[in-house]
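**Student:** Starting from the known structure of chain A, arrange chain B on it as the hints suggest.
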Amino acid sequence: MNEAQVGVAVEIDLGPVDGDGPIDVRVDASDGVEMTVPAFVGADGHARFRYAPADPGQHAFEASGDGPDGVRGAIGAEPYGGDNELLRHGRIRVADDQRTLEHTDGTPFLWLGDTWWMGLGKRLDWPDGFGRLLDDRVAKGFSVIQIVAGPLPDFSHTPEGIWHPQQANEGGWPWEPDWTRLNPGYFDAADQRIQALVEAGIVPCIVGMWAYYEHVMGPERIKRHWRELVARYAAYPVVFCVAGEINHPGYDRETGREERDARRIGQLQTWTEVAREVHRLDPFENLVTAHPGSPDARSLLTDPEAIDVNMIQTSHWGYHPPAEEWRRELGRDLGLDEPLRMGFTGSIGMTIDTVAQTPPMPLINGEPCYEGILGGNWQDVQRFNFWTGWLSGLAGYTYGADGIWQMSSDAEAFANEVSRWGNTPWQQAMHYEGGRQVAAAAGLLRGLAWWELRPVPAARAESAGRIAPFGAASTDLSVHYLPSILLDERLRGMRGLPIDVPLAGPCSARYVDPSSLVEHQLGDVESSGDGTWQPPETPTFADWVLIVERLQ
Amino acid sequence: MIDSRDARSNVGDVVEVQWPAAARARTAAELDVEIVGPDESVMQIPAFRLDDATWAFRFVGLAEGLHRWRVTEGDEAAGTLDILPAPVAPGAGRMPAPVTAERDMRHLLAPDGSPFLWLADTWWYAASDRISGAQLERLARKRFAEGYSVIQLVAGLYPEIPPLDPRGIGDGRLPWDAAWEEMDSRWWTHFDRRVRIVLRSGLVPAIYGAWGYYLAATGVSTIKRHWREIVARYAAYPVAWSVAGEATMPWYDLLFTDEAGPVQEELAAGWLEVARYIRAIDPYRRPLSAHPAPGVQAFATPDMFDDPDVIDHVLLQTGHWERTSFQLSIDTLCGQLAVSPARPVLNSEVCYEGIAGSNWPDTQRFLFWSHMLSGAAGHTYGAQGLWAMNDGTYVGRMGRWGSATWMEAAELPGGTQLGAGRRWLLERPWGTLRPSPGIVDPHASEGDRIGPYAATLDDGRRIVYFPVPAFVERPGEGGFKYARIRLSDLPPGSMARLDWYDPRTCDLFESTDRLVEADGTVEVTGSEICALPSMEDWLLEISEPDLSGPMDRS
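Heads up: the sequence lines are chains A and B, in that order.
Residue 300 in the working numbering sits at position 300 of the first sequence, and the numbers go up by one each step.
Residue 209 in the working numbering sits at position 209 of the second sequence, and the numbers go up by one each step.
To be clear, the hints were calculated from the coordinates, so they are not data collected in a lab.
Please note that a few of the clues may not be correct.
Said to hold, decoys possible - Computed Cβ-Cβ distance ranges for the label pairs, DEER-style:
#1 B/398 - A/139: 32 to 42 Å
#2 B/511 - A/323: 25 to 35 Å
#3 B/135 - A/521: 22 to 32 Å
Claimed, not checked - Derived list of chain A stretches under chain B, where covered just means 3 residues or more per stretch with a C-beta under 8 Å from a C-beta of chain B:
#4 415–426
#5 479–487
#6 532–541
Think of the CB as a built atom: it goes at the ideal place given N, C-alpha and C, for glycine as much as any other residue.
Only chain A is shown next, with the shape it has when bound in the complex:
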């Protein structure tokens, strides 16, 4: 009898394999549910499967496939007794409101991601560097790490790019050269990092690869790749993101429009099929999403129901969007009729429009302006994007820092084989102020019933010439982000304007400095006859968060 705890992945060695065929394990769970768990083969030639019991009791299993066919056993599960909050509350699912996320025990889950696209590579050295960065992120309050387990972004799909040394980890490349077969050594090395994330209470959002490899690998290899990821990681509380920039046809912009259009269309078909396949393979029903170029993943996939969680990417331009001519060109390359939505205005517009889609689906901003990218986008940009996005209806927000996403390191800089986004090593970027402040903001929200918040009506802001109110409210709580006076008038939300106070009963208010969380109490709120309240001037001209709570 193998021993396990509820919700905690246990790994069972099924013995040596005898062939290349798929190996599945049928599990009869203690509650009578039967499930099929895909197995995987390690570099030592042994087949294994990972299983996380959903309930206490005995879970019987039997393998089928080349080699371990007929291997049987049982797993005895006890209730979870540890202090890992993620394991205690369970994996992530969509809440009943269809707009937010929660653990399987119903506890709301606040998605604050960090972007480690290349975090399975050697430049984030294992275990020291990985542990150092992970400890920092845990201490700050991040809850998700977006990480690629396959061919990486920002490498060309030429042989030089695909088989670049920096595409490998300690176990080699994910695939053997010429795509002959998966390399289990790569995944064995990746395993310990994914496990470390979970042990630290972080949800890995595992991205299969960058989307443009689709036309190099073809759908069947991609499905094989994803079977491996599901087999190895589905027992953990993870989110599966089928690919990055699903409608980006690659960096070879000199290739003709027709071919790139064909590629993009093919990619979207494949990634839709892959999303369905991941759902089919995953017995633990982890959430599935996809990372888009633009607009949102659900709109791009050929089947909007192929994913559980929608995702947007809102560009790396903050205050100053590039000229329309160029945004139009970029949009055309992604198959859009309109210019790409960039900058603060584009980011807000894309968020609001995507949140408004029906039926509702939780929305993550999976790639806003990375801090430090393009030599800018510092903490003020990070705060603006986080707060305006969150209060416009996001279910989650993923921060990113230039230097960390590509894991440029003190010891070895990122190769920049395609692009040259920056040279800052992760060892420096991990200390960026914006990352700390965004994480602190998430901490502030966690102290409130954030999951009950819904964006406030936009009419009052729009009548004052503002593009959005940047406010959200429930029956007991309202939260507004009041941007800095440095911003264009249209982007100042409800700064200087009366806000609606629809809360039932007497309320009190406070300003919170989003860079330090220092609070200024404003006392009781006395709304005027029309149900509005004019807040006093903000304590400084910088941005502030205004919180109004119903007195208990």
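**Tutor:** For chain B alone, coordinates are given in the frame of chain A:
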């Protein structure tokens, strides 16, 4: 009581002479001292009151030999000053080179004629009790080590507070009594200590007499007395003057009202009169200017008032609105540089780092390098929290521009990065920089100030600054501003060394040697979207291979 009527000093050192005042001098408002040099040249210096019974003057000898002095009127005091040769090796803590103005030049100059590279930090409230003397000294030494050369500070009549408000208290005192009748010499002794801290740290104090609106409250005659005290106490030191900060801006409550216009006119006339007065009483002719006020549409000194005989250099103030201020900043700079006869022009207030939660190091680097490569005589940095020496309690009339304390603001990276920029320039004959925008394509232009800036040194080297792409709205080839970089006007057929420096540290990042084409150009390419070492800001030095890097100073 010290009586040092017969004193001895060295060339270049400031000596303070004190004497017990005669009975009739004890109530005198002013005393002047006449100094006759060994060559019989005559100089008149204002004296100042140390206490009820003691007067003093400060003198810096520029020539060896016995000098004779006497009070011209109101006292019988007289004595000698024996000026000895300057020490061969300057010791630690000796004063920085005096700054003097010279006409028809683009730079402030040291007495030896070398250009003085102004990089100032802004500490308006350096004499406030919100920072101790020891703290100020640590801060000054830090700035000097980083590469700064000037500190802008106000002599007691500070911005953003009503006259004689407690927020301006230093050493428990204010510079004037409530009726504006008597100065408190103990406050001025405190201010002496603060100014000396700046000086002995190796930095030049740029002393602002008052904020502009004080003149409307006190009248010209009181402000002249204030300035006479400043000149008497500090003109012997290597200092620069600004007659006032935001000189023509009325008290904040009057801004944008009908009353503002007449007050503005009154202030302009009054401060010009004060400036002429300073010029008349300052025997050392320290460089004098006035700090403008965007609040009344004055972005450069001449937008308020001008007299080329008294205004030595032009100061700008061009907003704190991050990238939105860039176009106006460079437009104003270039507009002033186009005026003939030429005067040094520098931006004395723009985009404090951290103000209103923004204006971070990328903004600071852009402003420094764009100004320097466009022909500015220097640049003034400022950090939110530092200008008012905010210890967490300070709120000015205009409100809180930010909540950072001066301790936090002093550590902001943009400040350090500008110091590195000045040190880098000092390793080159920076005084010969000539704006040469056309040597790089793309480049900033009159209609689009957010692009690369270039200048040429007289030894043939060229310097180019590429701003962060995050600022760039107008695309270049293929949609990317920096997809292709074309350098031109190089010697055809020669080798050009391209040294790329990280403008955050001014450390050399990489070097390449390139053959210049027959048409004098070099095309720089990199990745498809970026020819620079990365999509950040960069500093490029182009030279013949054996000219690259710092000058050989051996």
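**Student:** Which earlier hints can't be squared with this structure?
**Tutor:** none
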